[in-house]
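Given chain A, put chain B in place with the hints provided.
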Amino acid sequence: MTQLLGQTRELPTRLRASVTQRVEATRQWAHNYRSRTQDGAIAMHGAIFASVFVTFVLFLVASAWTVLPVLAFLVVMGFGWYRYQAEAAKALTFLTTVATVSILSLIIAFLLIRSEPIVAHMGLDVLTRIEQPLWTSNQGGVYSLTPMMVGTAVTTVIATLVAAPIGIAGAVFVSEIAPRRVREVVKPGIELMAGIPSITYGFIGLTILNQYFYEEFRTPTLGTYFAAGLMIGIMALPTVVTVAEDALNAVPESIKSGALAMGSTPWQTTKSVTIPAGLSGVSAGVLLGVGRAMGETMAATVMLTHTKGFPSPVFDVFSNYGETLTTVIAFEGGNASGLHMSALFAGGVVLFAMVMMLSVGSQYVEWRMHQKLGGER
Amino acid sequence: MSSVTRNRLVAGDSTTSVLVARGVLAASALAFFASWLVLFQWVDETALVAGVHVLKLLGVALVAAGVGLTVVGVGSRLEYFESTPSSSAGLPVGFVFGLLWAVLGGLVATRLLGNALAMWLPVAAGFGIVGLLVSVLPREDVGSTLPVAAILVLLGGYVVVGGINAGWTWSPSWSSAVFPGSELVPLLVVFGALLSAWSAAKAREGFGAEGRQSGAYYLVGSVVFAMLGVLALLVAFIVKNGLETMLTRTSLTGGHLTLPFVGSVPWAEFPFLMNQTGGLFVEVPGVLPAVMGTLWLVFGAVLFAVPLGIGAAVFLTEYAERGRFTQVVEVATNGLWSTPSIVFGLFGLAFLVPRISGGNSIFVGQLVLGFMLLPLVLITSREAILAVPDEHRDASAALGVTKWETIRSVVLPAAMPGTITGVILGVGRIAGETAPLLLVFGGSPYPSSYPNVLGSFQFSTQPPFVTNDALLSPASALPYQLYSTITAGVFPKEIFTNTEFGWGTALVLLCVVLGLYAIGVGSRLYFRRKLHHE
Numbered sequence: 001m002t003q004l005l006g007q008t009r010e011l012p013t014r015l016r017a018s019v020t021q022r023v024e025a026t027r028q029w030a031h032n033y034r035s036r037t038q039d040g041a042i043a044m045h046g047a048i049f050a051s052v053f054v055t056f057v058l059f060l061v062a063s064a065w066t067v068l069p070v071l072a073f074l075v076v077m078g079f080g081w082y083r084y085q086a087e088a089a090k091a092l093t094f095l096t097t098v099a100t101v102s103i104l105s106l107i108i109a110f111l112l113i114r115s116e117p118i119v120a121h122m123g124l125d126v127l128t129r130i131e132q133p134l135w136t137s138n139q140g141g142v143y144s145l146t147p148m149m150v151g152t153a154v155t156t157v158i159a160t161l162v163a164a165p166i167g168i169a170g171a172v173f174v175s176e177i178a179p180r181r182v183r184e185v186v187k188p189g190i191e192l193m194a195g196i197p198s199i200t201y202g203f204i205g206l207t208i209l210n211q212y213f214y215e216e217f218r219t220p221t222l223g224t225y226f227a228a229g230l231m232i233g234i235m236a237l238p239t240v241v242t243v244a245e246d247a248l249n250a251v252p253e254s255i256k257s258g259a260l261a262m263g264s265t266p267w268q269t270t271k272s273v274t275i276p277a278g279l280s281g282v283s284a285g286v287l288l289g290v291g292r293a294m295g296e297t298m299a300a301t302v303m304l305t306h307t308k309g310f311p312s313p314v315f316d317v318f319s320n321y322g323e324t325l326t327t328v329i330a331f332e333g334g335n336a337s338g339l340h341m342s343a344l345f346a347g348g349v350v351l352f353a354m355v356m357m358l359s360v361g362s363q364y365v366e367w368r369m370h371q372k373l374g375g376e377r
Numbered sequence: 001m002s003s004v005t006r007n008r009l010v011a012g013d014s015t016t017s018v019l020v021a022r023g024v025l026a027a028s029a030l031a032f033f034a035s036w037l038v039l040f041q042w043v044d045e046t047a048l049v050a051g052v053h054v055l056k057l058l059g060v061a062l063v064a065a066g067v068g069l070t071v072v073g074v075g076s077r078l079e080y081f082e083s084t085p086s087s088s089a090g091l092p093v094g095f096v097f098g099l100l101w102a103v104l105g106g107l108v109a110t111r112l113l114g115n116a117l118a119m120w121l122p123v124a125a126g127f128g129i130v131g132l133l134v135s136v137l138p139r140e141d142v143g144s145t146l147p148v149a150a151i152l153v154l155l156g157g158y159v160v161v162g163g164i165n166a167g168w169t170w171s172p173s174w175s176s177a178v179f180p181g182s183e184l185v186p187l188l189v190v191f192g193a194l195l196s197a198w199s200a201a202k203a204r205e206g207f208g209a210e211g212r213q214s215g216a217y218y219l220v221g222s223v224v225f226a227m228l229g230v231l232a233l234l235v236a237f238i239v240k241n242g243l244e245t246m247l248t249r250t251s252l253t254g255g256h257l258t259l260p261f262v263g264s265v266p267w268a269e270f271p272f273l274m275n276q277t278g279g280l281f282v283e284v285p286g287v288l289p290a291v292m293g294t295l296w297l298v299f300g301a302v303l304f305a306v307p308l309g310i311g312a313a314v315f316l317t318e319y320a321e322r323g324r325f326t327q328v329v330e331v332a333t334n335g336l337w338s339t340p341s342i343v344f345g346l347f348g349l350a351f352l353v354p355r356i357s358g359g360n361s362i363f364v365g366q367l368v369l370g371f372m373l374l375p376l377v378l379i380t381s382r383e384a385i386l387a388v389p390d391e392h393r394d395a396s397a398a399l400g401v402t403k404w405e406t407i408r409s410v411v412l413p414a415a416m417p418g419t420i421t422g423v424i425l426g427v428g429r430i431a432g433e434t435a436p437l438l439l440v441f442g443g444s445p446y447p448s449s450y451p452n453v454l455g456s457f458q459f460s461t462q463p464p465f466v467t468n469d470a471l472l473s474p475a476s477a478l479p480y481q482l483y484s485t486i487t488a489g490v491f492p493k494e495i496f497t498n499t500e501f502g503w504g505t506a507l508v509l510l511c512v513v514l515g516l517y518a519i520g521v522g523s524r525l526y527f528r529r530k531l532h533h534e
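Those sequence lines, one after another, are chains A and B. Those letters in the first sequence? Residues 1 to 377, per the working numbering, in order. Those letters in the second sequence? Residues 1 to 534, per the working numbering, in order.
These are calculated hints, taken from the structure and not from any lab test. Since the model is a prediction, treat every value here as computed from it, not as a measurement. It is possible that some hints are incorrect.
What the hints assert, rightly or not - Over the 12 angstroms line for every Cβ pair with chain B, so calculated as not near, a few chain A residues:
1) 9
2) 12
3) 30
4) 79
5) 127
6) 132
7) 137
8) 140
9) 255
Claimed, not checked - Quick list of in silico lysine-lysine cross-link-like pairs, BS3-like style, CA-CA up to 30 angstroms:
10) 187/A <-> 256/A
11) 530/B <-> 256/A
12) 530/B <-> 187/A
13) 187/A <-> 240/B
14) 403/B <-> 530/B
15) 187/A <-> 372/A
16) 493/B <-> 240/B
17) 271/A <-> 372/A
18) 271/A <-> 256/A
Cβ atoms here follow ideal geometry from the backbone N, Cα and C, with glycine treated the same way.
So that you can see chain A by itself, here it is in the shape it has in the complex (with noise of 0.2 angstroms):
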């Protein structure tokens, strides 16, 4: 308790400490820039970052008068690249830097501004509500999110359970079971795979799996949280296999050889060397292949069926109903306004931080991976 008082009685000089380091950094930093650059190359940093600044500020309210200070820019630009060649090109490198995080910041930003009057008009309700209405314009407006979310994890979870054991057997294969040959026309073949564009997916899942269920296991609608997992699972399989496999490729061949040189046979190497080695790494691939499907549109978009509503029990995966996160925005995006399009952004904001929660885990895992493997370096 004590220790704790005095920690806290310390917080402001150690607060005053951090400040005054950070601007005598500044500082230094400052008198660098000033006595390495000259005066002309000084005023042209000041008349770029001045000029892209109000280029922002007047997009941003949507002025007419955007274009002058662009030309502005452009011109000074111009001139600066002609004379200050190098210090204008450090200055657009850094421009380009701050414009990639600022894209992020600014999807951020207008996620949570256009998603504000929703939760202000429901307040919790919009991510809790389980009771009917789920989703009408009467009643003033009631979007409740629930049953979006459910389908989300639901589907979610059956292209995991689809991708993950498959896409984790198929790295094992490619990097350490096949042969030379075989791996030099299986792991390009995979790549490609992951070419193919999702609406594609959608249209076969659409014309072939919806169809089969239909027919054969006799669903009640086209198009079932189950086929639309199935397909979704099949579409993260070649991301799981390729980031799997390259963090079983990373795992040094110096522990491989070593374990082979002990008398075991390759496979014990794999099971008892490589793959707890490499874990993380594969597990980072898995992650990245859960969000890729969390976040998949088009597939589920044209296979479900775009009815609200709770299956019961949860887990029948064959029922009538069948809307995600994802579906629900590009379907009914196009021709949404007011509570409803902001209905539509929270569901953006929600998926966009399920999906962020799970980036930032993978790269975490990542890191460890890097801490654990990387030692000799």
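Same frame as chain A, now just chain B:
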């Protein structure tokens, strides 16, 4: 092991067991393929082969495999056959078998005793424990064959005596679907065949470490084979369905080309690629507007994303110190890379549409696809720049060349191949992207003209001084065309149905995308090989 060292004095005989194991493998492979044929409905469930129903034949194959496995396992345990088994099959195998046995027990119990939880749960648990003990307690040769053989014989026998036939159905209360025997049997046989192949492959190598390797390789190999088979079938299916539509009225000399001075000469005719989709006077509707739309989209996206991506990559690798800032950029890039495409569409709808065109337009589509392309360009060109050896930079600096000159004339040219590969792969990805286009790009489902972007630039004295109506109006693109064909009602022309036109569009799209991918993958292989040879 060469045959020279084989000692005739050993007690057991190994050739018989290898022969039996091979027989089991062959039976499993046959059953595996036959079941897929039935599942894909290339063979009718009720078809007769040599006077016997197909499903019963599958059952016979399972029973035969089970008997063969019993012979090998028991023979090895009684030392009739030479083998090198471990003392136990191991706990993981035990758990898998326990689980399988529990499922089997549960099914049997629900068939015989009814659907009450209190009835079938104890039976299932009992079966599971027996399966676990039988596979873990005895020596490996018994533990990894008998549990499998029992399952196979029970399952196959039940099918053979007609317990499940094509007309049999199972409608559990938790599911809206009905499971017919005609599909369940082949599915069960697929799993049974995988199991028996694993067990037989183990037995063929005489169990032990060698046997486990052989078993695992067989299992992984068949799973991967099935996966590649399914993927290849998908492509073949699109080609088969789309080819006829795509080649409608195609001829090598049917059309004509007007050349200056010469006049009209015979030329290849390709109506599906060269015609408008809608319009009154079009006999064979084609996908020209969609192809042009895709070209413009890709062109704009590349023009936007490639300079941004390469610039950011140069800054991150050459100028920035590794620290908080580069970490933030990395996380942002990876985040952008994994953001779902539909979210990009929403962003374009909220941010770009009201500020640029007030509605769906090509320009917004180009920008949104550019946003999606950006992280890939950044990641790949960054990797390519990092791969340029530091010696190059040092040598350049030693000659007194400035940093920027070094980047421009040493680093960037060396990194170009990798960057180009990345861009091509990324273009393949965005060319097939549909979801954002639904929200920010798409126009009429059957366009009768293609966007004339080059011809509609107009200059004025009002801001913004340059306008382009074609760029600010909606259009069609290949994936969007496919989507709108699928979802639209009746196709306006009689020559195709909606589905036929869809297959044709899908094939063109597949050719474009896979062509780009093939170029990208090929160029990467080429450059990598070149790099390794140096």
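Minimum C-beta separation from residue 132/A to chain B exceeding 12 angstroms: can you confirm that? The claim stands: residue 132/A keeps its Cβ more than 12 angstroms from every Cβ of chain B (closest is about 19 angstroms).
Given pair status - residue 256/A, residue 187/A, alpha carbons within 30 angstroms: 21 angstroms, holds
Please settle this one: residue 137/A was flagged as non-interface, so is its CB more than 12 angstroms from every CB on chain B? At about 19 angstroms from chain B, residue 137/A clears the 12 angstroms cut-off, so the statement holds.
Is residue 140/A truly not at the interface, in the sense that its beta carbon sits beyond 12 angstroms from all beta carbons of chain B? 23 angstroms, holds
For residue 493/B and residue 240/B, compute the direct alpha-carbon distance and say whether it is at most 30 angstroms. 22 angstroms, holds
Is the claim that residue 30/A lies outside the interface with chain B correct, judged by CB distances over 12 angstroms? Fine: 16 angstroms to the nearest Cβ keeps residue 30/A off the interface.
Chain B versus residue 255/A - minimum CB to CB distance exceeding 12 angstroms, so not interface: 19 angstroms, holds
So if I understand the rule, the pair passes when the alpha-carbon distance is 30 angstroms or less; does residue 271/A with residue 372/A pass? 18 angstroms, holds
Whether residue 9/A stays farther than 12 angstroms from all C-beta atoms of chain B, as the label says: Since the minimum Cβ distance to chain B is about 28 angstroms, residue 9/A lies beyond 12 angstroms and the statement holds.
Between residue 530/B and residue 187/A, does the CA-CA distance stay at or below 30 angstroms? 19 angstroms, holds
Straight-line alpha-carbon gap residue 271/A to residue 256/A, limit 30 angstroms: 11 angstroms, holds
Holds or violated: are the alpha carbons of residue 187/A and residue 372/A at most 30 angstroms from each other? This hinted pair holds, its Cα atoms lying about 27 angstroms apart.
In terms of the numbered hints stated before, the structure departs from none.
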